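Each chain, written out:
2 protein chains.
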Amino acid sequence: MNFEINKQFVLDIKEAIERQDESMAVDLMHDLHPADIAMLYDDLNIDEAKFLFLLLDGEIAADVIAELDDDDRERFLSVLPTDVIAKVFIDNMETDDAADVLGEMSEDRKDEVLAFMEDIEHAGDIVDLLDYEEDTAGGLMQKEYIAVYSNTDVKSCIEEIRKQAEEVDEIFYVYVIGNEEVLEGVLSLKKLILSSPNTKVEKIMDDDPILVKTSTEAEEVVNLMDKYDLISLPVVDPIGRLVGRITIDDVVDVLREEAEKDYQMATGLSEDVELSDSVWRLTRARIPWLLFGLAGGIISSRIIGIFENDMTKLATTAIFLPLIAATAGNVGIQSSSIIVQAIANDTFDKQGFWNKIFKELRVSLLNAGALSAIIFLYSVFFLNSNVITIGVSLSIFIVVVFASVFGVIVPITLNKFKIDPAIATGPFITIVNDIAGMSIYLTIIRMLYTALM
Amino acid sequence: MNFEINKQFVLDIKEAIERQDESMAVDLMHDLHPADIAMLYDDLNIDEAKFLFLLLDGEIAADVIAELDDDDRERFLSVLPTDVIAKVFIDNMETDDAADVLGEMSEDRKDEVLAFMEDIEHAGDIVDLLDYEEDTAGGLMQKEYIAVYSNTDVKSCIEEIRKQAEEVDEIFYVYVIGNEEVLEGVLSLKKLILSSPNTKVEKIMDDDPILVKTSTEAEEVVNLMDKYDLISLPVVDPIGRLVGRITIDDVVDVLREEAEKDYQMATGLSEDVELSDSVWRLTRARIPWLLFGLAGGIISSRIIGIFENDMTKLATTAIFLPLIAATAGNVGIQSSSIIVQAIANDTFDKQGFWNKIFKELRVSLLNAGALSAIIFLYSVFFLNSNVITIGVSLSIFIVVVFASVFGVIVPITLNKFKIDPAIATGPFITIVNDIAGMSIYLTIIRMLYTALM
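Quick mapping for you: the protein sequence lines, in order, are chains A and B. So the number in our numbering is just where the residue sits in the first sequence, counting from 1, plus 1. So the number in our numbering is just where the residue sits in the second sequence, counting from 1, plus 1.
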């Protein structure tokens with residue numbers, strides 16, 4: 002089963018498609034996992050992909066669609082007839098995947114697809130899921146789960162699993178419900194196997210399970226499942242009725258996406274892009290922060306312009322501009338990223354705001370002292386201008402402390418206003434700190450020059 | 002079960018400890034999950050923590066130890082007697098956690114702990130695991146799994162699970178082995194429940210399961226489990242014998258750590274630090290890249306020094322230095338981060354090296370054109386120096402293209418030499434690009450000045 006798509010395989014598939022050789026294509030894809038077929042998509046054009054997909058068994062085709070990247074899927078679905086999407090794909094898809102796919106469509110197309118669906122109950126479940134916000138437990142959960150009443154015995158419970166087994170792909174736990182479908186407990190298959198047929202499930206279930214509400218934020222779901230090492234998590238409505246379950250594989254996807262988003266923000270990309278995306282898309286993801294940086298650079302140039310006279314008097318002033326700017330940027334990103342990570346990992350609220358600032362102050366004083374001392378020694382030995390020597394060491398000290406504290410305040414403030422704090426670890430904080438740092442430096446040099454010269 | 006440790010709870014616990022009231026402390030901790038007890042540790046000093054931990058039931062204490070941060074655990078274990086560590090903690094720990102804990106100890110202490118262990122078979126399993134590299138499948142796997150021979154029937158298989166159930170916490174799959182313990186297939190508990198007692202497991206198992214070798218890299222394990230949505234993964238030795246299993250919760254931890262490491266590198270932290278770490282530790286994590294940045298800044302200052310005369314002649318030269326440096330840094334980080342992500346996600350090798358460079362060239366030409374045009378218009382309207390106008394627009398163009406391509410080449414090269422390419426998305430690439438960018442700019446200005454003035 003461990004299979005890597007290699008070049009030869011892609012060539013073979015392309016040949017089969019070119020010859021319109023359906024049986025060869027089916028043969029080639031026979032042993033492939035849907036995730037591998039989805040990866041194959043990257044190497045095919047839209048018509049080739051379409052040819053292949055229409056050869057696939059409905060359930061596999063549905064899995065492949067679920068595995069595709071959002072963009073690839075969108076492009077692909079746009080060339081398929083609505084009734085095929087409904088009957089071949091959506092009818093065979095798990096409810097959570099189906100809701101994700103439909104959620105990306107226009108209202109009109111979505112309604113059209115839903116109208117074409119043959120399994121009305123399935124369609125109803127999907128419509129229910131579409132109501133939840135994407136980044137909540139409701140948006141992550143699926144309607145496929147096994148539920149039994151608490152007074153069921155082990156034997157009937159196994160019967161129930163047999164009945165529902167086809168619908169529910171992977172089963173690890175059985176949810177135990179009472180009146181009005183209120184969740185009363187969770188029973189692992191292991192426990193079920195090891196109990197005698199006549200035992201009531203309420204006797205062997207875990208009656209205090211970890212659960213979430215539909216409104217719980219996706220990030221908290223991830224943290225809970227990670228912290229308690231859970232494989233699946235029941236989701237209840239505001240009055241405790243079981244409405245869905247979240248499985249670990251979906252949470253892994255969320256975790257990965259969150260991490261990538263943070264990383265991309267830190268590195269100045271404004272969209273979720275990949276190496277395989279088009280040149281145009283890659284450019285579009287990169288230009289916004291570059292323009293922002295350009296604006297910052299122009300502001301810098303105007304500030305330096307104000308001090309242009311000083312530089313004519315003391316040309317050495319200019320040589321440390323990049324050092325000050327770079328240090329301010331580096332320090333700010335470091336201090337903000339520690340805050341951003343603490344917020345993401347939910348280890349943030351332990352100490353109060355002023356405690357954090359005070360701690361950052363102590364760290365920054367140590368850093369500032371070290372950097373300032375080094376640059377002081379360097380200037381004393383290699384430059385012969387007291388103004389610059391005192392100016393640059395003093396500036397580095399102030400700039401490091403300022404940029405550190407600023408780097409702590411920005412993400413905390415953004416988080417308070419419900420803006421993703423990760424934005425603070427990228428070009429934004431570098432650029433603001435660059436400007437602030439240089440202004441501090443140039444002002445100090447001017448004051449020293451006036452005082453000492 | 003959904004429980005948040007609040008301030009009142011911490012106060013209550015501290016009171017119980019101060020009064021040495023064991024029964025109150027036990028009562029308070031009764032409903033806590035080991036992961037929550039581990040979190041409590043952050044609010045206690047070492048003696049308080051020790052008092053609590055010695056009250057815990059062995060298995061729970063072992064789970065708590067496994068949940069602690071590496072540093073906290075190290076500090077905590079250092080104050081406990083070796084025989085308690087062996088008999089209370091390690092004996093009760095799952096083999097993979099035990100190996101992780103022992104792996105952090107000095108050779109002497111490790112041997113001492115192993116010698117004190119009472120469960121010799123368990124100790125043997127742990128010793129086996131200690132031989133594998135930490136970041137391979139062997140280093141991630143555990144020895145706790147259920148294995149049955151392929152000619153076993155369903156009834157005996159359930160018997161076997163009953164026998165081993167106490168040792169193996171979570172069971173989702175049964176591994177089916179043949180002669181010499183060679184892995185022949187995997188059987189899900191769901192299938193097991195739904196089959197009749199006399200069926201042979203070889204008839205119902207998946208006989209082509211996804212598996213990894215002990216030497217498979219951790220990153221590939223993560224990618225496989227994510228791609229195929231696996232809950233657990235069998236690990237075999239070079240001749241196919243089953244030697245362990247990896248469960249998804251361990252992989253989630255790896256995924257999280259990898260993502261955090263990449264993020265920390267991108268933001269210039271040289272160690273894995275958290276907000277709650279000591280001031281000294283935080284400083285130590287931050288100073289290396291700051292010193293590197295300082296060195297870069299000093300080199301910049303010397304390069305600018307070479308051009309000091311030019312700046313006396315044309316003071317406006319200095320005003321765009323920060324713009325050039327910032328743009329070079331931003332562009333380099335963007336292009337390198339896309340490569341770093343592709344390497345991490347295993348989507349890297351699809352196109353060849355030159356394809357990547359060529360694509361980056363096209364993206365960078367678009368970016369360079371846009372930025373260059375804007376700065377040209379700005380200079381034409383707001384500055385009255387042809388040398389600067391042409392110089393800065395030309396420089397931005399060249400610098401953007403250079404920094405982009407450089408940002409692609411560096412992580413690819415690092416990866417080739419088996420150095421973590423994520424290092425390329427942080428201060429390193431900013432600093433190098435800063436210096437290169439300014440050198441290009443100052444050289445161009447000098448050439449233009451000589452030619453036009």
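Derived from the structure by calculation, the hints contain no laboratory data. Computed from a predicted structure; not experimentally measured. One thing to keep in mind: the hints can contain errors.
As the list makes no split between identical chains, a pair holds if one copy fits it or if it spans any two.
Stated by the list, open to error - With a cut-off of at most 27 Å between alpha-carbon atoms, the simulated DSS-like pairs for lysine-lysine come out as follows:
id, residue 1, residue 2
1, 228, 15
2, 51, 314
3, 8, 419
4, 417, 314
5, 15, 111
6, 214, 417
7, 156, 360
8, 8, 228
field: Numbers of unmet hints, in rising order
entry: 2, 4, 5, 7
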